Amino acid sequence: MTPFSTLPAIIAILFCGGILAWLSERYFNRGSRQISLISLSVAAALLATYWPHLTDSPTGVWWDSVQINWIPRFGISFSLAIDGLGFLMLALTVLMGLFGLVVTWRDIRFRRGFFYFNYLWTLAGVVGVFTAIDLFLFFFFWEVMLLPMLFLIAVWGYEERIPAAIKFFIFTQASSLLMLLAIVTLVYLHYSASGILTFNYRELLNAQLTPGNAYWLMLGFFIAFAVKLPALPLHTWLPDAHTQAPTAGSILLAAILLKTGAYGLLRFTLPLFPEASAAFAPVAMSIGAASIIYGALLAFAQQDMKRLVAYSSVSHMGFVLLGLYAMNTVAAQGAVMQMIAHGFSTAALFSLVGAIQKRLNSRDMAQLGGLWSSLPKLSATALFFAVASLGMPGLGNFIAEFLVLLGSFDSNHWITAIAATGLIGAALYALLMMQRVFFGGLRTPEDAQTRSPTDLKAREFLALISLAAGLLLLGLRPQVVFDIAQPAIARTGTLHKKAPTATSQISSPKLRLSAWPDTDHRRGNSP
Amino acid sequence: MQDFFAPFLAWIPLLPLLGFVLLIALPLFHLREPPEAVSAVVGVGSVCLSALLTLLIMWTLFLNNPSAVLQVSLWQWLKVGALQLGFDFYLDWLGMAMLLVVTGVGFLIHLYSAGYMHGDDGYRRYFAYLNLFVGAMLILVMADNLLLLYLGWEGVGLCSYLLIGFWYRNSANGDAARKAFIVTRIGDTAMLLGLILLFSQFGTLSIRALNTAAASAPANNLTVTLAALLLLGGAVGKSAQLPLQTWLPDAMAGPTPVSALIHAATMVTAGVYLIARMHPLFNASETAMSAVGIVGALTLLLAGFSAMVQSDIKRVLAYSTISQIGYMFLALGVGAWTGAIFHLMTHAFFKALLFLSAGSVILSLHHEQSLFSMGGLRRKLPFTFGCFAIGCASLAALPFTAGFYSKDQILLKAWEYQGGFNGIWFTGILGALITGFYSFRLLFLVFFGNDGPASAQCKDANNGVMTLPLSVLAVLALFGGLLTPPLQRVFTQAPAGHAPLWVEGVAIAAPILGLALAWLLFRHNTSPMESRGKSALEKLWFSGWGFDWLYHRLLVQPLTSLARINRNDILNSIYNGTAFICRQLHNLLSTSQNGLIRWYIASFTCGAIIFLALLVVL
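Going down the list, the sequences are from chains Y and F. Heads up: the first sequence begins at 1 in my numbering, then just goes up one per residue. Heads up: the second sequence begins at 1 in my numbering, then just goes up one per residue.
Don't read these hints as lab results, they were simulated from the structure. There could be a bad hint or two in this list.
[Stated by the list, open to error] No farther apart than 20 Å at their CA atoms in a straight line, the calculated lysine to any residue pairs in the SDA-like style are these:
hint, chain 1, residue 1, chain 2, residue 2
1, Y, K377, F, L22
2, Y, K377, F, P34
3, F, K534, F, R378
4, Y, K457, Y, D107
5, Y, K377, F, A25
6, Y, K457, F, E33
7, Y, K358, Y, I293
Since this is a predicted model, take the numbers as computed values, not measurements.
Isolated chain Y (complex conformation) (with noise of 0.2 Å):
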């Protein structure tokens, strides 16, 4: 493979972009946004030369992979790769990334530069991430993500925006440290197996562990993984970030950092220690769908707005890690479909807070009501996405939902019963910001009564009229999405040689889940 391939482009393109902009910011001082739209727009030019793919039908397991030489002394190399799972979390990632941009456009006023320049190197980290094939690479790609994203908190962030950006860094850098303490033990522990020192991932997915080992390392992987996703009890970052984060970062943090957890979990922490996976399955359904429950209960109780759509994402990501965790083609199709489609329904209620915040001046739901009067096309929109959000059929919401809850169903009777009385939740989360917000008498704050807040902007229109339209593809046609993702998703499968038992209540003969196909993908894959 030569060096200068697609996949390091984009991460370079998006780097220097960063830099780019900050420093015409400095000797300009203007131009950081377009500099950042061009990047964006540059990055997903090069991420659409993958476009063969999608029709095809790939030989090997990778699309495309890079592999350089970086600390060969400890087997550690610039190893990048794409596969269909990787596609389409680069896609989420580029896409939501020219949406937050597009969207607050005019909101940024202070160091304009210096947030595209974190904005940018935030997108180049996840696109790390998500490519990253070394585990070396993935933790260093992991930690570039944090430090701009912590930035964007701290510096541009709304009034309490210190406090929890140091609890956002607090409870990533702490999970991430177990993460690293779980990838260098698995490199030792192969090394002494087998006299391999290596970080590469498809030599470790060969490493053979005790039960013991293996449960141990599973865990510390899945508590970093669990952090970012984030999974009761480590999700109070979550509502303090989203809240005093800026749109953007909002929207970001929403979008595609979450995804990074359910991402991790799906390539690393179920394939590398499948036995293990397999033992834990049953908590981490419960996990989830406590969730999924508990989410939606505290979404109910908030009085801002902002926190609300932040809590609905705790339930929402309750539903991916059930579906990751029920170990089965369906319900993982429905987690990777429900990734996608929370980041675009979150991202859009997080820019319409933002809207109504710019206009308004608050967020809080008791300063707040009959918006509709005064701003129908920022309500019928908000309308539609708190729609989706509650799992509307025909939106690519509810096909997630409804596979994973399909998918568990077959592992765990109960635990899926219970994770179900969510949609309810939902419907009481999502039908009370409305009420609240846009239904009623007309109330604004005391400071905004003297200006009529103006209706949404055509640029701000557009960019979420794009998600809308999104979302109802993906709900009439998510199958090219399933299509892409099943070799990915198949691949995991293979490695999951003992499922759970289903602790079932009900006997069911004919039960036709299909199980993992069991092919031989795995030892196979080179690129």
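Chain Y is fixed; fit chain F onto it per the hints.
Structure of chain F alone, referenced to chain Y:
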């Protein structure tokens, strides 16, 4: 012929959906609100076209052929693992009957709305929602698999929510809308679990495949029973049956044509349709069948009693809708599939007529809805009076009205069901008496007697676009009994046997007795239940048997107070606690570093002594 029409099938739901898209997109081109005429033409026209298309297909294909079937696959929706679902439509006579009701009555109500909503600032929004509703309802009816049906099912629920809360400035409307959505969502979640259970049992969600599989499953299989009960959960939510009936009376907050279309003629009967559609599954389980029958019988009685004492014209009609749908559930429970669907049809005619005429009354009285402010309106609104009277006669099932034929069929079947006198049949007869009472009480209070306070300001608000649908519906409510849909190929059931003549006689006499009772009470007390205080029983009936109070205490309050208590997330205190302890430790240690030499010497000495002491002791 069938191949020729199949491609057009998709246009039936597509046309109203296109109307919806056009209506919400109009201001994008205009920037200003389009004139009412444009919205009305798009909104009414799209449903009109879809009704014409339905009629055309019925005429050419279905009329002479009871076993006609049309199906069309639009695209592959989902194919994950063993789950394969298409965006497929399927139409037989059961679906056709529903289509005729939805598009036909739907079109009439759209037309009426064009006049009723005149001057409302949400005119376009109204028709957009209404078109979306019709589209979703048609998808529900034509769906070939349960997930697609569920899509339509949730879609109509959403439109119901939007239209109940249509006048959003009044937050009470919003509360009623949310209540409707959330209560039905509880049922819908049960239904979704039913779908999941059915899939895990039978490996398919295709309605026909499921029905075939259920028919051949061993009788009273636990899973089949459970799945049928979960589907019943969805049906009772959507059709406002016990125990999820509480949302429908509040749903009257929406515009009256909406109540006519969604909360009387079409959406609330979706539960009946679902059970009829899945009848082999329900047939396979005795428990499920008796559950359906008991739910229906109980609901029809409880709601009937509530309807007798209401004071709001629309709430009477709402409770009567719940009660009539109870009849349909009763019919389903005794296996009178044809009777249930037939009653669904006639009920759509006369209840739409009643709601629309009530709408005319309300509009003529400047949005007055209290029965006790009305009275003597038959002289001021003769046309509306005629329509309302026909509606009441049909609702009470007086002989030779449409309601009579369908209700009679149900009662006969209920009699035969256990080969003679039984509780279900008796409930039905008692219900018929109560129906006769409350429908004529309503008619007398509104149109007879002395003028009420609001009658003085009465100004006939009917105009052309409103009288036409009223006339058509009045004809249907009178003669709709002749339009029996040929459902014998859809439901294979034994032909009706013969019950003793007195059974028939009782069925005819019951509503007439109700009428007479209503007249007697009305004559003796021209404004009953207003002047004198209510008895405890009447209060209980008035509140709908206290279900709202019970649910509020049992579910709403605990949930909201739990949410309020935990607003700041109890789990957060773990981390805040950790941070607090760290800070305290930090403070403790930093006090020891105070820079005072004598402190250091003292602590050094103490430490040394302790250390030495330890050495000596050990």
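Has the given pair, K457(Y) with E33(F), been kept, meaning a C-alpha gap of at most 20 Å? holds (17 Å)
Is K377(Y) close enough to L22(F), meaning Cα to Cα at most 20 Å? holds (15 Å)
Does I293(Y) lie within 20 Å of K358(Y) when you go C-alpha to C-alpha? violated (31 Å)
Could you grab the alpha-carbon distance between K377(Y) and A25(F) and see if it respects the 20 Å cut-off? The given pair, whose Cα atoms are some 11 Å apart, holds under the 20 Å limit.
Would you mind confirming whether the straight-line C-alpha gap from K457(Y) to D107(Y) stays at or under 20 Å? holds (13 Å)
For the pair supplied as a hint, K377(Y) and P34(F), confirm whether the alpha-carbon distance does not exceed 20 Å. Roughly 15 Å between the alpha carbons, so the hint for K377(Y) and P34(F) holds.
Compare the distance between the alpha carbons of K534(F) and R378(F) with 20 Å, and conclude whether the hinted pair is satisfied. Not satisfied, since the Cα-Cα distance of roughly 28 Å exceeds 20 Å.
Of the numbered hints stated above, those contradicted by the structure are hints 3 and 7, listed in ascending order.
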